[in-house]
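Chemist: Listed here are the chains, written in short residue letters.
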Amino acid sequence: MAETSSLRLAVALDGAGWHPAAWREPDARPGDLFTAGYWADLVQTAERGRLDFVTIEDGLALQSSRMSRVDGRTDQVRGRLDAVLIAARVAPLTRRIGLVPSVTVTHTEPFHVSKAIATLDYVSSGRAGVRVQVSGRSHEAAHFGRRQLPDHLYRDRDRPENTELLHDLFEEAGDYVEVVRRLWDSWEDDAEIRDSETGRFVDRDRLHYIDFQGRFFSVRGPSITPRPPQGQPLVTALAHSTVPYRFAAQHADVVYVTPFDEEQAGTIVAEVRGEQQITGRAPSELKIFAELVVFVDDTEMAARDRKSRLDDLDGAEYHSDAHVFAGTPLQLADLVAAWGAAGLDGVRLRPGALPHDLDALVSGLVPELQGRGLSRPDYTTATLRGHLGLTRPANRFAAV
Amino acid sequence: MSATPHMHLGAHFPGVNNTTVWSDPRSGSHIEFDSFVKFARTAERAKFDFLFLAEGLRLREQSGQIYDLDVVGRPDTFTVLAGLAAVTDRLGLAGTINSTFNEPYEVARQFASLDHLSAGRAAWNVVTSWDAFTGENFRRGGFLPQAERYARARQFMLTAWELFDSWGTDEIRADKDSGTFLETGRPGLFEHHDDYFDIGGCFNVPRSPQGRPVIFQAGDSDEGRDFAAETADAIFSRHGSLEAGQAFYRDVKGRMARFGRTPEQLVVLPATTFALADTDSEARELAHSVREQQVSGQTAIKLLEQLWNRDLSAHDPDGPLPQIDPLLGENTIARGRASVRMYKDPLATAAEWRQRAEAKSLSIRQLIIEVTGRQSFVGSPETIALTMEKFVKEGASDGFILVPHITPGGLDEFADRVIPILQERGSFRADYEGETLRDHLGVGASTTRGRFARTGS
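Protein chains in written order, with the working numbering: chain A, 1 to 400; chain B, 1 to 457.
Because the hints were derived from the structure by calculation, they are not lab data. Backbone N, C-alpha and C define an ideal beta-carbon position, used for all residues, glycine too. One or more hints might be untrue.
Using C-beta positions, here's what the derived DEER-type ranges look like [claimed, not checked]:
1. B/370 to A/285: 31 to 39 Å
2. A/379 to B/286: 19 to 27 Å
3. A/372 to B/434: 35 to 43 Å
Take a look, some chain A residues computed to stay more than 10 Å from chain B by CB distance [what the hints assert, rightly or not]:
4. 61
5. 71
6. 111
7. 145
8. 273
9. 277
10. 280
11. 335
12. 343
13. 394
Full structure from sequences and hints, please.
Modeler: What follows is the structure, given as structure tokens:
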């Protein structure tokens, strides 16, 4: 088992890195972004650093500097591959690291996503998770034509009709995760019996209709895919405010939050734990990770210079929904340790530029944290839940 | 035309029906990834064109209960194929994906992604269904009237095709010095408005190596054949006998000229099982014993019920056929099963079965073994190789999709014993000659739809 005092480390992979000009760095590989080899190299690097998991960003529209429309820019990376398929493509090439692709719940089918993540768990022998995301972007909705969303849902979120719509989108996401989870449990672990005597391949009493009926949809079940190796693959979500905190407190195993300093980290942790207490879930069942965009070099000056150089190339100073760090591995270790002391279970680091900042995390930050006893020296378990100290849950449908 | 035209071969991972014999001691997992890896590696070692996965989106039921006599359960198609792309280099990766319970934007980005991640080896078998039974697993429900399922499937595929073609070939510049990543500001721009899809915006996956992944179709109706002749690269055919195969082959290829296409742009591949042994007579014995394993007494009654549309559990599988007639109307006894729709005139089929059983003194089980068998090649390696060649030479097919009855090792013996003979005779490739599945199949590039459509092609 992993030590409870250690900090968990995840890396968020997205294109050439999180800075919009990262693809222009000398070691960037912008021509390879849509090849399997690019992603395999990154995830294998992360695994060499013994990171708990990688997430892979995704979305149902072109990347844009605008919330709900294409911005027409030609100087930044545009285009993505499906994150679940990237994760499946790299799974056979890695052995221990967790694989957490992003999935938009607003426009997709919980039945499909449940079996896709269950299958990722089979392909990776128990290393699958998912980052669920809600989409309130009107142009993504127009790619599906099944619902209309207002153009400025986020900007005008204080309008009563928009506040209500956002609540509904998260309530729908909650139902979605509930369905995904029930489908994972819809086969008991020993449902496949292969009993030649009676000619039965499965014991149908160990298969369960989930019969979910909610405000937004209903799903009958059971899944077509048996219960995955972890039982319940990891469900994760990014959250910036009370409504998504509540969603995560109820439905997620990991929530990513965005404090800008140590004090705020403590405040957010308190709020999330408060929401969690209302749901009755034990504190250990939800891990809180802080988001950090990182530019890491041997000197603080070098890191700051690199970020400014990228800012100049992009024509604007880079800001993010998360704290932007530029400095040395030692400074980053200090920051992460301080935030850990404020009650966080781990960090999800967003490399400013790839592969540079990922390499720096693996060769600099990780050994530093290991030296301080804040990070385990090697993987001690084989599954993603295991890495996070989460047990394999009992099946909700199994008779006890 | 050479004397022995090259054939194309697909390897069908054994499915969730009674063709697959799970009770055999050699039978392994249908879910664990290792089974798929082993099967794929055998297919690639034998230079098969592609591996093929079927799909079913609800567990089958009979008489209101989950059907438990066959293999039950399967993993997600896209996820398995993407994983297999990591452990194979040339093998095509073909997945069946239903157009009814999906949206074009999502499916197009999944197939385009698979094509990128496999460096040009993706194929989509486009199928459709309408049943409310399967729809109960989806938030949209069983929304589609039966009569419209082909119309929607057609529009779905054409829309996805526009999305596959929505990025220019040289859209990505990725020029670090000038800071130009894209050629234009709105790559993937599309608009599609018809009775089923009212969508527009920008597709977010760059054009994939094959442009449009290889398209398979399996529809057999007049409408389905036209659609295949117009748009498909390959047909998964059920016309396995020589004569039926020739008629189907002539018919479909004959339709292509109307759509400005030539016969080489579409390959017709019937699905077929095989029973292979040292001698023809041993193979016949093997085939018989496999059929007996595929159709137990219990299975025979269940398959009979699917035509009769009634509970026949009181009947003895070793006894005669029921005197009572099939129940007409909607088939309510078996759900989630495409095969029941093939019984278009249950009374006539029942009469025919009774006659056959009486004439040959067959029990229910013996009859079902006879009438539900799939096309099968039975014989020594030489016999099977020559039979396959004959089908291709005589215009019944361009090759085959082979369906082993054992998972995952059911293809091994075929790869070891039949493939070398075909290769030696020059009727199957000795090695891959191209990189992509389109290269293997020799169907050429697909025409381009949407805003980059070439006119007058």
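Chemist: Could you run down the list of hints and mark each one as holding or not?
Modeler: Hint check:
1. B/370 to A/285: 31 to 39 Å: Distance hint for residue 370 of chain B, residue 285 of chain A is violated at roughly 58 Å.
2. A/379 to B/286: 19 to 27 Å: 47 Å, violated
3. A/372 to B/434: 35 to 43 Å: For residue 434 of chain B against residue 372 of chain A, whose Cβ atoms are near 54 Å apart, the range 35 to 43 Å is violated.
4. 61: 6 Å, violated
5. 71: 8 Å, violated
6. 111: Answer for residue 111 of chain A: violated, closest chain B Cβ roughly 5 Å.
7. 145: 4 Å, violated
8. 273: Correct as stated: the minimum Cβ-Cβ distance to chain B is 32 Å, above 10 Å.
9. 277: 31 Å, holds
10. 280: 28 Å, holds
11. 335: 31 Å, holds
12. 343: Residue 343 of chain A clear of chain B: closest Cβ-Cβ about 36 Å, beyond 10 Å.
13. 394: Per Cβ check, residue 394 of chain A is outside 10 Å of chain B; nearest 21 Å; holds.
Hint violations for this structure: numbers 1, 2, 3, 4, 5, 6 and 7, all remaining hints satisfied.
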